[in-house]
Amino acid sequence: MRWRWSILALCALTSGMIFESTARAQGRRSAASRPPGSARQGKGPVQTPIEEFETMSPAEQQKALNRLPPQQRQKLQERLQRFNQLPPEQQQALKNLYNRLHQLPAERQDAVRKSISKMSQQPPERQQAMRQELRSMANMSRDERQAHLSGPEFRGRFNKKEQEIVRDMSEVLPPR
Amino acid sequence: MECPKNSDGAELIVAYAAGMLDSGDQAAFERHLKSCASCRQMAAAQQAVWSALDELSPLPVSSNFDAKLYQRIAEEQQLGWWQHGWFRADWSWRPAMPVAAACVVLIIAFLVKNSGPVITQQEQVQPKLQIEQVERALDDMDMLKQAGVEFAFEKTTPREQI
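Chains R and G supply the protein sequences, listed in that same order.
Read in order, the letters of the first sequence are residues 1 to 176 in this note's numbering.
Read in order, the letters of the second sequence are residues 1 to 162 in this note's numbering.
Hints are supplied without guarantee of correctness; some may be wrong.
[Unchecked claim] Partner residues aside, some chain G positions facing chain R, computed with beta carbon under 7 angstroms:
1) 11
2) 133
3) 141
4) 143
5) 151
No wet-lab data here; the hints were simulated from the structure.
Fair warning: this is a prediction, and the values are worked out from it, not measured in the lab.
Even glycine gets a Cβ: it sits at the ideal position worked out from N, Cα and C.
Turn these sequences into a full structure, and let the hints steer you where they fit.
Put into structure tokens, the structure is as follows:
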């Protein structure tokens with residue numbers, strides 16, 4: 001009987017070890033599958049991939065760039081250079097907008113991207129009107145924006161397509 | 001007589017010790033034994049085995065041994081498969097111990113090999129950056145710049161707390 005209990009104890013011990021190992025592996029997998037920045041949501045400033053790239057050492061940056069074909073690598077370096085030549089406040093505003101966009105669920109992010117694309121296809125004066133609308137909404141609270149978007153004044157000034165564009169794009173505006 | 005060790009001698013020596021040789025062969029082998037110390041030694045050892053076997057007496061068998069044996073066979077055949085192994089009181093677990101120990105060693109080796117360091121908060125905070133993520137971020141920022149809504153953040157603190 002002693003042998004029997006010993007073997008049962010060994011089985012219990014090994015089961016526990018396997019369970020613990022599996023749980024740990026799952027933890028590693030889920031951490032690895034998270035997009036950059038998502039682990040930090042709600043824990044202070046969020047770094048964009050561009051900022052993460054810039055905090056890498058030159059050797060690490062080169063190693064990452066070397067994974068791209070030469071032409072693509074050169075294009076990316078030029079785009080980074082252009083971004084870094086923007087005024088610092090504009091860079092920061094774009095990074096903040098990027099972070100706002102990436103806080104949204106994936107389907108809403110796609111909706112915002114589509115609406116921005118649609119806006120660029122509108123006549124310049126309508127684009128300007130929509131930007132002006134968004135500018136005024138930037139100073140509103142979340143509730144005020146909702147009320148404004150469903151109000152008659154807004155509906156009177158924009159057609160259905162424009163209303164949808166403004167509604168989608170307003171989701172990247174910071175809350176007041 | 002040729003020495004039995006050079007041919008099929010073992011059988012001859014066993015037969016001699018068992019007293020199964022005919023008189024002619026026995027006499028010839030005994031003559032050989034006088035001149036071959038090695039065969040003499042083997043024959044003596046074989047005779048010692050026979051003597052020991054002769055001294056063994058069989059264990060007494062109960063009068064109803066056959067009846068008990070057949071009853072037990074019948075009981076075994078009626079048991080379910082689950083009663084044949086693990087839960088039999090007279091089943092010996094002793095042979096399973098080396099197998100179980102080997103399994104434990106293998107599992108421990110597997111765990112040691114595959115268990116990396118537990119992901120720390122720091123590692124979760126800084127996952128490895130893929131260069132494609134930088135490209136996608138630039139795509140998004142170009143798109144947002146095109147939308148011309150940077151004003152929304154221009155009067156805020158340098159870094160929005162999310």
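Review point. Should the hint that residue 151(G) touches chain R count as held when the rule is a Cβ pair under 7 angstroms?
Key: Hint on residue 151(G): holds, closest Cβ of chain R at ~6 angstroms, below 7 angstroms.
Check your understanding: Given residue 143(G) was flagged as interface, is its beta-carbon under 7 angstroms from a beta-carbon of chain R?
Key -> 5 angstroms, holds
Check your understanding: Given residue 141(G) was flagged as interface, is its beta-carbon under 7 angstroms from a beta-carbon of chain R?
Key -> With Cβ-Cβ at 5 angstroms, under 7 angstroms, it holds.
Point to revise | residue 133(G) as chain R interface residue, shortest Cβ-Cβ below 7 angstroms | key: 4 angstroms, holds
Point to revise | Agreement of hint residue 11(G) with chain R interface, Cβ distance less than 7 angstroms | key: 45 angstroms, violated
Checked against the numbered hints given earlier, the structure breaks only hint 1 and satisfies all the rest.
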